[in-house]
Amino acid sequence: MLTSKYGTLSIRDFKNNHDIVISPNTKKIKNFKRLRKIISMVFQFPEYQLFKDTIQKDIMFGPVALGVHKEEAAKLAKFYLNRMGLDSSYLDVSPFELSGGQKRRVAIAGILAIQSEIIIFDEPTAGLDPKGESEMVELILESKKENKTVIVITHQMEKVLEIADEVILLDKGKILTSGTPYQIFTNPEIMQTTSIALPHVVQVINDLSLRNPIFKKLYDYEPRTVKDLAKVINEVIKNYEKRN
41 MLTSKYGTLS IRDFKNNHDI VISPNTKKIK NFKRLRKIIS MVFQFPEYQL FKDTIQKDIM
101 FGPVALGVHK EEAAKLAKFY LNRMGLDSSY LDVSPFELSG GQKRRVAIAG ILAIQSEIII
161 FDEPTAGLDP KGESEMVELI LESKKENKTV IVITHQMEKV LEIADEVILL DKGKILTSGT
221 PYQIFTNPEI MQTTSIALPH VVQVINDLSL RNPIFKKLYD YEPRTVKDLA KVINEVIKNY
281 EKRN
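With our numbering, the residue at position 210 of the sequence shown is 250, and numbering never jumps.
Please note that a few of the clues may not be correct.
[Claimed, not checked] Pairs of lysine-lysine residues, derived as DSBU-like cross-links and limited to a Cα-Cα distance of at most 30 Å, are as follows:
1) 73 with 115
2) 73 with 171
3) 97 with 214
4) 110 with 143
5) 73 with 185
6) 77 with 45
7) 267 with 282
[Unchecked claim] Pair ranges (Cβ atoms, derived):
8) 261 with 237: 20 to 26 Å
9) 266 with 93: 41 to 47 Å
10) 284 with 210: 41 to 47 Å
11) 94 with 250: 55 to 61 Å
12) 282 with 214: 45 to 51 Å
13) 51 with 279: 19 to 25 Å
14) 112 with 229: 33 to 39 Å
15) 73 with 270: 45 to 51 Å
16) 268 with 51: 29 to 35 Å
17) 252 with 209: 36 to 42 Å
18) 250 with 87: 42 to 48 Å
19) 57 with 107: 16 to 22 Å
It is worth saying that the hints were derived from the structure and are not from the lab. Bear in mind the structure is a predicted one, so any value in this text is a computation, not a measurement. Every residue gets a Cβ at the ideal spot worked out from N, C-alpha and C, and that includes glycine.
My request is simple: use the sequences and hints to build the entire structure.
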């Protein structure tokens with residue numbers, strides 16, 4: 041566990057109704073085991089996360105380390121492996137015999153088995169094919185629906201628009217600004233002074249608005265995907281035709 045080098049980090053433990061505070065002067069973190077339970081992280085490269093000789097042992101490791109009985113941990117391993125699209129026949133297989141995509145699935149299953157309240161995903165869609173990207177986005181959205189706090193570290197602005205409720209923009213390790221996806225992507229100053237690319241959906245709205253002012257209404261709907269955009273374009277046109 042890394043302590044803060046410059047500032048103070050406060051993590052809210054809602055279950056026990058108190059804050060876990062970590063500063064550069066922190067010598068020993070109180071409730072360290074509870075903190076390990078609250079937060080977990082899926083690394084960008086699954087090879088850094090897998091180290092046991094079987095998939096079952098790998099997925100069980102986190103829950104057992106946090107005090108879950110081995111029998112219950114085995115059930116969790118089976119459940120979350122299946123949730124990630126791999127059946128029980130993989131439980132006794134070495135994780136190092138798997139393909140890159142399968143390794144990522146197992147690494148994620150191991151994190152989900154901990155049942156943390158906060159999950160950090162580091163570049164979760166990097167290197168995945170379109171199907172894998174869609175499945176990863178769906179997993180993140182499902183985690184949000186389960187009332188988990190999901191933090192995604194990514195350079196892919198399309199995914200930011202699709203999944204984020206709040207965006208924190210970093211520049212050289214410092215917070216440049218924060219806001220909702222549309223607050224960020226429709227801010228001319230931010231877009232001009234940073235190197236981030238506009239998501240296609242926002243770019244299409246910009247282009248349509250230049251051609252016809254009625255499409256400025258699209259910003260109010262804040263569509264996240266191409267499917268969402270198609271739906272609200274139809275809505276805006278229908279409303280315009282009714283008024284005219």
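Each hint, compared with the structure:
| no. | hint | in the structure |
| --- | --- | --- |
| 1 | 73 with 115 | holds, 22 Å |
| 2 | 73 with 171 | violated, 36 Å |
| 3 | 97 with 214 | violated, 38 Å |
| 4 | 110 with 143 | holds, 22 Å |
| 5 | 73 with 185 | holds, 26 Å |
| 6 | 77 with 45 | holds, 23 Å |
| 7 | 267 with 282 | holds, 23 Å |
| 8 | 261 with 237: 20 to 26 Å | holds, 22 Å |
| 9 | 266 with 93: 41 to 47 Å | holds, 44 Å |
| 10 | 284 with 210: 41 to 47 Å | holds, 46 Å |
| 11 | 94 with 250: 55 to 61 Å | holds, 58 Å |
| 12 | 282 with 214: 45 to 51 Å | holds, 48 Å |
| 13 | 51 with 279: 19 to 25 Å | violated, 45 Å |
| 14 | 112 with 229: 33 to 39 Å | violated, 52 Å |
| 15 | 73 with 270: 45 to 51 Å | holds, 49 Å |
| 16 | 268 with 51: 29 to 35 Å | holds, 33 Å |
| 17 | 252 with 209: 36 to 42 Å | violated, 30 Å |
| 18 | 250 with 87: 42 to 48 Å | holds, 47 Å |
| 19 | 57 with 107: 16 to 22 Å | holds, 21 Å |
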